[in-house]
Amino acid sequence: MRTLKTHIRGKKMISVVIPTFQEEKFIGATLASLLRADPSMEIIMVDGGSTDKTVETAKRYVDNVYVFKEKGVSKARNYGAARTGGDIILFIDASVIVPPYFIKAINNIFACPNVVGATCNNMPLNPKLSESIFFKILNTCIRFSMNVLPPTRFKFYPSGAFIAVRKEVFKKIGGFNEATTTSEDSDLIYQLSKRGKFVFINDLSVHESMRRPRQVGLFRLFRAWIKNYLIFLVYGVTSHEWTPIR
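Under the numbering used here, the first residue of the sequence shown is numbered 1, with each subsequent residue one higher.
Rather than coming from a laboratory, the hints here were simulated on the basis of the structure.
Please note: incorrect hints may appear among the correct ones.
Derived SDA-like pairs (lysine to any residue); straight-line CA-CA distance at most 25 Å [to be verified]:
#, residue 1, residue 2
1, K75, E24
2, K194, N122
3, K104, N147
4, K59, A161
Quantities reported herein were computed from a predicted structural model and do not represent experimental measurements.
Kindly generate the complete structure, drawing on both the sequences and the hints.
Here it is, written out as structure tokens:
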């Protein structure tokens, strides 16, 4: 299997886009982890009309906080992307913690001109043993799928928790598909993969809250992901929208 290791190469400006809704419990830690890596980083937060202290908390860390009440995470991400100034756009979820070296990892991968997008290991925050095992297996499957298999809809795709894209290519494909309520991340990666390489950064890991898997059930949630994506592949629509869990 082809291995993609990061090493010191070119440097590009990275802009971060975070869609939020009722994220007061997590958004502070997420923003703090980003700013530890680069205090001057451009961070665009797009809030979907939170009634808790999400916006208030975010404004303690960043200036670019927008309230965007149109329904749909794809619309929120596209809205944020249109306001970025970077060459690379990093989309992350509001409960994701990044390591200090993530900027170097992204820059090194995107120094290759035919790379159009990238993801990495997504691991549980404060995991149980079963969660650690499950996500290690899942990351291995996604790594193989991204780095070895040819572009096709029928393969393992990462979630939208951490997706870095080359902005010019993102704009050419029209951004996220706003007609979908779920599986928009898989569709985006598939469309990007037809324009260049979408790669898995082996030596980068981020950590995400396990609130949804713990409330819904890990394997029940995975089954729902698979079912929803298969429906999207066959019919071009998704079966339902994820209910917010906070």
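message: Check whether the Cα positions of K104 and N147 lie no farther apart than 25 Å.
response: Given that 25 Å is the threshold and the Cα spacing comes to 20 Å, the pair holds.
Straight-line alpha-carbon gap K59 to A161, limit 25 Å: Holds, at roughly 22 Å.
message: So if I understand the rule, the pair passes when the alpha-carbon distance is 25 Å or less; does K75 with E24 pass?
response: 21 Å, holds
message: Against the 25 Å threshold, does the CA-CA distance of K194 and N122 hold or violate the hint?
response: Status holds; Cα separation ~24 Å.
In terms of the numbered hints stated before, the structure departs from none.
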